[in-house]
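*Asks:* Spelled out, the chains give:
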Amino acid sequence: MLAKRIIPCLDIKDGQTVKGVNFVNIQSVGDPVELGALYAEQGADELVFLDITATHEGRKTFVQLVKRIAREINIPFTVGGGISEIKDAEALLSAGADKVSINSSAVRNPQLIDDLAKNFGTQFVVVAIDAKNYDGHWTVTVNGGRIPTDKELFSWAKEAEDRGAGEILFTSMDHDGTKAGFANDELARMADSLKIPIIASGGAGNMDHFVDVFTKGKADAGLAASIFHYKEIAIPDLKAYLKQKGITVR
Amino acid sequence: MNIVIIKYNAGNIESLSNALLRLGIQAEITGDHEKIKAANKVIFPGVGEASTTMAYLKKEGLDQLIPSLTQPVLGICLGLQLMCSHSEEGNTQCLGIFEEQVKRFVPQPGMEFSTKVPHMGWNTISNLKSKLFDPSLDNQYFYFVHSYYATVGEHTAAVCDYINSFSAALQKDNFYATQFHPEKSGSVGSKLLENFLKI
Numbered sequence: 001m002l003a004k005r006i007i008p009c010l011d012i013k014d015g016q017t018v019k020g021v022n023f024v025n026i027q028s029v030g031d032p033v034e035l036g037a038l039y040a041e042q043g044a045d046e047l048v049f050l051d052i053t054a055t056h057e058g059r060k061t062f063v064q065l066v067k068r069i070a071r072e073i074n075i076p077f078t079v080g081g082g083i084s085e086i087k088d089a090e091a092l093l094s095a096g097a098d099k100v101s102i103n104s105s106a107v108r109n110p111q112l113i114d115d116l117a118k119n120f121g122t123q124f125v126v127v128a129i130d131a132k133n134y135d136g137h138w139t140v141t142v143n144g145g146r147i148p149t150d151k152e153l154f155s156w157a158k159e160a161e162d163r164g165a166g167e168i169l170f171t172s173m174d175h176d177g178t179k180a181g182f183a184n185d186e187l188a189r190m191a192d193s194l195k196i197p198i199i200a201s202g203g204a205g206n207m208d209h210f211v212d213v214f215t216k217g218k219a220d221a222g223l224a225a226s227i228f229h230y231k232e233i234a235i236p237d238l239k240a241y242l243k244q245k246g247i248t249v250r
Numbered sequence: 001m002n003i004v005i006i007k008y009n010a011g012n013i014e015s016l017s018n019a020l021l022r023l024g025i026q027a028e029i030t031g032d033h034e035k036i037k038a039a040n041k042v043i044f045p046g047v048g049e050a051s052t053t054m055a056y057l058k059k060e061g062l063d064q065l066i067p068s069l070t071q072p073v074l075g076i077c078l079g080l081q082l083m084c085s086h087s088e089e090g091n092t093q094c095l096g097i098f099e100e101q102v103k104r105f106v107p108q109p110g111m112e113f114s115t116k117v118p119h120m121g122w123n124t125i126s127n128l129k130s131k132l133f134d135p136s137l138d139n140q141y142f143y144f145v146h147s148y149y150a151t152v153g154e155h156t157a158a159v160c161d162y163i164n165s166f167s168a169a170l171q172k173d174n175f176y177a178t179q180f181h182p183e184k185s186g187s188v189g190s191k192l193l194e195n196f197l198k199i
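Those protein sequence lines, which keep their order, are chains P and V. FYI, full-length UniProt numbering numbers position 5 of the first sequence as 5, with every residue one higher than the one before it. FYI, full-length UniProt numbering numbers position 127 of the second sequence as 127, with every residue one higher than the one before it.
Mixed in with the good hints there might be a few duds.
Covered by chain V, per the in silico footprint, the following chain P stretches (three or more residues, Cβ under 8 Å) [as the list claims (entries may be wrong)]: (1) 73 to 83; (2) 152 to 163; (3) 176 to 186.
With a straight-line cut-off of 27 Å between C-alpha atoms, the simulated DSSO-like cross-links for lysine-lysine are [stated by the list, open to error]: (4) Lys118(P) <-> Lys103(V); (5) Lys132(P) <-> Lys195(P); (6) Lys172(V) <-> Lys195(P); (7) Lys116(V) <-> Lys243(P); (8) Lys172(V) <-> Lys129(V); (9) Lys118(P) <-> Lys35(V); (10) Lys216(P) <-> Lys172(V); (11) Lys103(V) <-> Lys151(P); (12) Lys218(P) <-> Lys172(V); (13) Lys131(V) <-> Lys116(V); (14) Lys158(P) <-> Lys116(V).
Because the hints were derived from the structure by calculation, they are not lab data. Ideal placement from N, C-alpha and C gives every residue a C-beta, glycine not left out.
Chain P with its partners taken away, still in its complex shape (with noise of 0.2 Å):
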């Protein structure tokens, strides 16, 4: 049977890994080739690398730290953060990563995820979706969760999709951060209306939330960076802890 995939997510600024508590108060956290090895060698099944740098500068280090990692990762990983347009995603892949993941540029460019499937294949297309519930309408935004756009949540996701996303990577921005558990109700309504595999992110705190996002939430993947960086969650404890549960993982 297909395994649910736990993932953990580095954000990148200027080669380094970072994490924030609602993506402000950004603290360092370590060398992301070598904590991507450590997570796959404990059993993460993919990998995420966002990048947050937005220099020039920092961009060319994001592609040479994408070369390094692989080399180094034996897993499947995702690299997003910047990417505007094709020569972005190409620059990326040549570099050796094995998915893409837009977010803002799609929104603002929805184009962008036909072009990217088109010349890729949809598989290397991760559609990454941050959105808040504002007064009961779930809307979509952009620049790390600050801005608020015209679109809603499910009608953009199924638009996505059809457009040619391979995956959604969806953060509930009102759960990010808190350590509350995952955006149940709103995945699972995601998954009964897509056809492609979604991603949870936003919420983990403890090990019930990852057995809740797979059953509750319908979810193929559930992304997690605090708990991982900071080791309150290990991911060999995570993995015994969900197949006890009767969750099929890897």
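Place chain V on chain P using the hints.
*Replies:* Frame of chain P; chain V shown alone:
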């Protein structure tokens, strides 16, 4: 040992060459017929679409060369599919090394388990029958990404279940192939590549 990765219009050949580097092997990536013929081992990777890739192989004469090779050959992912007789993807006549057919997964709505297409992620393999495998690899998880699959037949060397049973690996004489990506399958994937290099 002289290992060649066949170069053609396929994506992400680098990750395979990186996986071999981690085993201390510097493989040569080339489309040169003489170099391919002279290699101790040949790897035929592949990510892409069947009909355009077959058209490219024909243009380069690789459609004649690959089936005529006598050293161990390992096809991966689309490589496996192109080594079969026919693919539903683009209604493509393939290399015909294996008689197995390549079909598209058909999602089964309403099932309790996932039937999403592509089959993407980690799944177990069983019924192992090839020098590619050793007992330690039985029921281990390997990484798959594909929407088409080879049917189970005479040359099936490993079986995987997703929506239906399909060939996770095939073998006939000196031709070996895996639907999963050993280069992305962690330590068990490295073990399989090592096994291939030892054949």
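*Asks:* Sort out which numbered hints this structure fails and list those numbers smallest first.
*Replies:* 2, 3, 6, 9, 10, 11, 12, 13
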